[in-house]
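For the protein sequence lines, the chains are C and P, in the order given.
Letter by letter, the first sequence follows residues 5 to 391 of the numbering used here.
Letter by letter, the second sequence follows residues 2 to 213 of the numbering used here.
Do not rely on the hints blindly, as some may be mistaken.
Stated by the list, open to error - Covered by chain P, according to a simulated footprint, are these stretches of chain C (three or more residues, beta-carbon under 8 Å):
1. 57-69
2. 191-199
3. 246-252
4. 363-372
Since the hints were made in silico from the structure, they are not lab data.
Here a beta-carbon is modelled for each residue, glycine too, at the ideal position from N, C-alpha and C.
Next come the chains, spelled out residue by residue.
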Amino acid sequence: MPMTSRERVLTTINHEEPDRVPIVIGVSNATGIKMKPYRGIKRSIGVDAPDDYIYDWPELGTALIDEATMRRLHSDVRGVLDLEPATVRKRNSQREPHSDYIDSWGSGQTEIGPDDWYPAVHPLPDATSVADLDAYEGWPDMSDPTRVAHVREAARRLAEENEYAILATPWLLFPFERAHAMQGMDVFLLNMIDHPDFARALLEKIAGYCKQLMGRFLDELGDNVDIIKIGDDLGTQKSLMISPRMYRSFLKPIHADFISFIKERTSAKVFFHSDGDVAPLIDDFIEIGVDILNPIQTNAGTMSDLPVLKKRFGDNIVFCGAIDTDQVLPLGSVEDVRQEVRRVMQILGPGGGCMIGAVHTVMNDVPPENILAMVDAVEEFGRYPLQ
Amino acid sequence: MSIKDELWDAIVFAERDKVDRIVQSAVDNAEDVAELLNETMIPALREVGDQFSAGEVFVPEMLASAKAMRHAIDIIGPMLSQSGHKPIAKVCIGSVKGDLHDIGKNLVAIMLKGSGFDVDDLGVNCSVEDYEAAVQRGAEVVCLSALLTTTRDAMRPVADQFSDRDEVKVVVGGAVITQEFADAIGADGFGIDAADAIRAVRECLGLAAVPA
Numbered sequence: 005m006p007m008t009s010r011e012r013v014l015t016t017i018n019h020e021e022p023d024r025v026p027i028v029i030g031v032s033n034a035t036g037i038k039m040k041p042y043r044g045i046k047r048s049i050g051v052d053a054p055d056d057y058i059y060d061w062p063e064l065g066t067a068l069i070d071e072a073t074m075r076r077l078h079s080d081v082r083g084v085l086d087l088e089p090a091t092v093r094k095r096n097s098q099r100e101p102h103s104d105y106i107d108s109w110g111s112g113q114t115e116i117g118p119d120d121w122y123p124a125v126h127p128l129p130d131a132t133s134v135a136d137l138d139a140y141e142g143w144p145d146m147s148d149p150t151r152v153a154h155v156r157e158a159a160r161r162l163a164e165e166n167e168y169a170i171l172a173t174p175w176l177l178f179p180f181e182r183a184h185a186m187q188g189m190d191v192f193l194l195n196m197i198d199h200p201d202f203a204r205a206l207l208e209k210i211a212g213y214c215k216q217l218m219g220r221f222l223d224e225l226g227d228n229v230d231i232i233k234i235g236d237d238l239g240t241q242k243s244l245m246i247s248p249r250m251y252r253s254f255l256k257p258i259h260a261d262f263i264s265f266i267k268e269r270t271s272a273k274v275f276f277h278s279d280g281d282v283a284p285l286i287d288d289f290i291e292i293g294v295d296i297l298n299p300i301q302t303n304a305g306t307m308s309d310l311p312v313l314k315k316r317f318g319d320n321i322v323f324c325g326a327i328d329t330d331q332v333l334p335l336g337s338v339e340d341v342r343q344e345v346r347r348v349m350q351i352l353g354p355g356g357g358c359m360i361g362a363v364h365t366v367m368n369d370v371p372p373e374n375i376l377a378m379v380d381a382v383e384e385f386g387r388y389p390l391q
Numbered sequence: 002m003s004i005k006d007e008l009w010d011a012i013v014f015a016e017r018d019k020v021d022r023i024v025q026s027a028v029d030n031a032e033d034v035a036e037l038l039n040e041t042m043i044p045a046l047r048e049v050g051d052q053f054s055a056g057e058v059f060v061p062e063m064l065a066s067a068k069a070m071r072h073a074i075d076i077i078g079p080m081l082s083q084s085g086h087k088p089i090a091k092v093c094i095g096s097v098k099g100d101l102h103d104i105g106k107n108l109v110a111i112m113l114k115g116s117g118f119d120v121d122d123l124g125v126n127c128s129v130e131d132y133e134a135a136v137q138r139g140a141e142v143v144c145l146s147a148l149l150t151t152t153r154d155a156m157r158p159v160a161d162q163f164s165d166r167d168e169v170k171v172v173v174g175g176a177v178i179t180q181e182f183a184d185a186i187g188a189d190g191f192g193i194d195a196a197d198a199i200r201a202v203r204e205c206l207g208l209a210a211v212p213a
């Protein structure tokens, strides 16, 4: 008997085999599709839908995927997002064309080229003391009701349909990445060495705001949510960005506290996103309550060794993603994509605990036929028992 | 512990005040700063690069040592020029068009500078014309950096620009760059990380590898 998408996802995240491997695409920025490939997909499947952006945020560049396309992509999840305050959205929609986009934290993006924005605006590049943090007047107002006013109804509608798993993602409640946004990545990383007490204070301050908004977001979701997505990019192409010792000292307590905060308020599973090679930290993630790890960047260091990941961690964490956006999706043939999806599912799929998606946001260099090939390969080869 | 050993440690462990103090004292006492650079400072930073390559230190430690080195080079720079110390060669470096990432590029730039090259740092989002202008200013090696799959193709027109000039070498690097990609666009060299980039630059100039 075929399962609904929601049953399929809930079964696999409980480490049991569903009817087929679930597909996670189109529900947040990291699992999303940029506007150019989205337009390409719509054209190739004959869907006429508006070019809207997630978070109502064109500079992010990630498409809000229409329902007909989500169905064609066989996505087993649907997203619920928050929004920047109405005042911030209005200010940005009315600003001078090509000027910097500034978010509710005072950080922002600079235009590099048409439809191409880069997070280059950092409001606290020179801060090195707690007094500097106290003096900053741009901290976000997390109590603004327009951030979450739509959340209750969106989640209720999805829950009532009871067709898809609900994956909810408030924007960038990622303390480490937010610290990079506030200071610049290199500045903050240096401050972790030069001014460790300040670096901790900044992370803790950010985490406090993250919890404020997460609390309101969860209140609005109520029971109508299956997965909450958080994260922090901790890996590089070859290794970790910071040492395991530094992670355990600076960030793990913050992530642990954030996850406890979430789990005290919801029974939803915690989905943690981190790019790069984070294999040395997976035991830590499991210890602090991460249920689902994303994106399994298979071209980064030891994350390429899927059999070892499955064997060592597969009983305790769900793998989500794993289809390479560096070579296979942008440069591979349709057949290359098909075979890679098949390979990944054969390794990560047995016993459940595996959901397929692109490693990063599907970027503008990915041909639409390869995205369709990815999801169609899951339909073709992802039925349990896996062949 | 000798002063040289202290300086070596101070660079490896990124004790900037100590680095500044030792180097300033060498300048004040009119010591041979070229020798200090070549025999202590460069090997120390190379050690950090090797530790980074081996996964023993991470980005913050590498940034901190590079910053210490940059300070030290600024202090000894005027004295080096006065003493007639000649750079190995002039090179330029920049993140390619459409790419504003600069942490890796900056690390390579300071490693090159510390390794005795005259570095023309072009910054980020560089056009073909920016690299051409740097070559006109005397750069013999053009170093290109890109972090993204969507920006790496901007390396191709730069490589094409210099493909018929044997005297100009193109070296590429960045998270998504591979040897295969470097070969495909006709680059003269590829560095897998900051330490390896120095090897690639030396190699394409026909210079021997630096002994370990």
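If you look at each residue in the region 363-372 of chain C, do at least three have a Cβ nearer than 8 Å to any Cβ of chain P? Holds, because 3 residues of the region 363-372 of chain C bring their Cβ atoms closer than 8 Å to Cβ atoms of chain P.
Claimed coverage, the region 57-69 of chain C by chain P - three or more beta carbons nearer than 8 Å: Since 0 is below three, the answer is violated.
Count the residues of the region 191-199 of chain C whose Cβ falls closer than 8 Å to any Cβ of chain P, and tell me whether that reaches three. holds (count 5)
Count the residues of the region 246-252 of chain C whose Cβ falls closer than 8 Å to any Cβ of chain P, and tell me whether that reaches three. With 3 residues close enough to chain P, the hint holds.
Of the numbered hints listed earlier, the single one contradicted by the structure is hint 1.
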